[in-house]
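Same order as they appear, the protein sequences are chains A and B.
Each residue of the first sequence is one higher than the one before, starting from -4 at the first, in the working numbering.
Each residue of the second sequence is one higher than the one before, starting from 2 at the first, in the working numbering.
Take these hints with a grain of salt, some might be off.
Unchecked claim - Some chain A residues flagged as far from chain B (calculated, every beta-carbon gap over 12 Å):
id : residue
1  : P3
2  : R17
3  : Q43
4  : E57
5  : F85
6  : D91
To be verified - Computed list of lysine-lysine pairs in DSS-like fashion (alpha-carbon distance at most 27 Å, straight line):
id : chain 1 : residue 1 : chain 2 : residue 2
7  : B       : K70       : B       : K110
8  : A       : K4        : B       : K59
9  : A       : K4        : B       : K110
10 : A       : K4        : B       : K102
11 : B       : K69       : B       : K110
12 : B       : K69       : B       : K102
13 : B       : K110      : B       : K59
14 : B       : K70       : B       : K59
15 : B       : K59       : B       : K69
Keep in mind that the hints were calculated from the coordinates and are not lab data.
Ideal Cβ positions, reconstructed from N, Cα and C, are used throughout, including at glycine.
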Amino acid sequence: DSGVTQTPKHLITATGQRVTLRCSPRSGDLSVYWYQQSLDQGLQFLIQYYNGEERAKGNILERFSAQQFPDLHSELNLSSLELGDSALYFCASSEDNTDTQYFGPGTRLTVL
Amino acid sequence: AQSVTQLGSHVSVSEGALVLLRCNYSSSVPPYLFWYVQYPNQGLQLLLKYTSAATLVKGINGFEAEFKKSETSFHLTKPSAHMRDAAEYFCAVSPSGGYQKVTFGIGTKLQVIP
Chain A
-4 DSGVTQTPKH
6 LITATGQRVT
16 LRCSPRSGDL
26 SVYWYQQSLD
36 QGLQFLIQYY
46 NGEERAKGNI
56 LERFSAQQFP
66 DLHSELNLSS
76 LELGDSALYF
86 CASSEDNTDT
96 QYFGPGTRLT
106 VL
Chain B
2 AQSVTQLGSH
12 VSVSEGALVL
22 LRCNYSSSVP
32 PYLFWYVQYP
42 NQGLQLLLKY
52 TSAATLVKGI
62 NGFEAEFKKS
72 ETSFHLTKPS
82 AHMRDAAEYF
92 CAVSPSGGYQ
102 KVTFGIGTKL
112 QVIP
């Protein structure tokens, strides 16, 4: 158990819908990262937050957004969902950019 | 621009044999390199990372990797495979010392044959 929790574990929804994925980092970790893992695109870095502020952006679509709250949990919002958004979404946390990074178990999103 | 190429999407070794997982990188700046492991139905776990301090990097679970600039390689090795090493392994590169904007390889699935 990495100490990073993600909810829900599984999510099934329809095209055009909007969903919210939640991540709680390890106690004391200020950085949160989001990744997408799909069969056709592999593993991709989406976005990083540090202590409530966006720090780095990767291959995140405009339909996707994220935020980190004062209690340091983070949410990834996915809207106007398409079939191609079906993937595993991982959250990871670390104390800072270069400390050991810990991954959550992931949320499996299926868009029908 | 940066990228990594993992040679071999599937590798099979016998238990007790040498594990060698290949990774070549491309980076326009001195790279920071990582190896991650993903066990079935789990998230990734960092095995080791290279941040220019030493070319031979030792990680967890008996794995190590050697940075070879002349060959632009960062291959992962373990002298003796265990059944528990069966997993998927990802090589990754970052332009900075941290995890920002990391680019991952496609992954190599390691099968360990008893």
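Each hint tested on the structure:
no., hint, in the structure
1, P3, "holds, 15 Å"
2, R17, "holds, 15 Å"
3, Q43, "violated, 6 Å"
4, E57, "holds, 18 Å"
5, F85, "violated, 5 Å"
6, D91, "violated, 8 Å"
7, B:K70 / B:K110, "holds, 25 Å"
8, A:K4 / B:K59, "violated, 33 Å"
9, A:K4 / B:K110, "holds, 24 Å"
10, A:K4 / B:K102, "holds, 25 Å"
11, B:K69 / B:K110, "holds, 23 Å"
12, B:K69 / B:K102, "holds, 22 Å"
13, B:K110 / B:K59, "holds, 21 Å"
14, B:K70 / B:K59, "holds, 17 Å"
15, B:K59 / B:K69, "holds, 15 Å"
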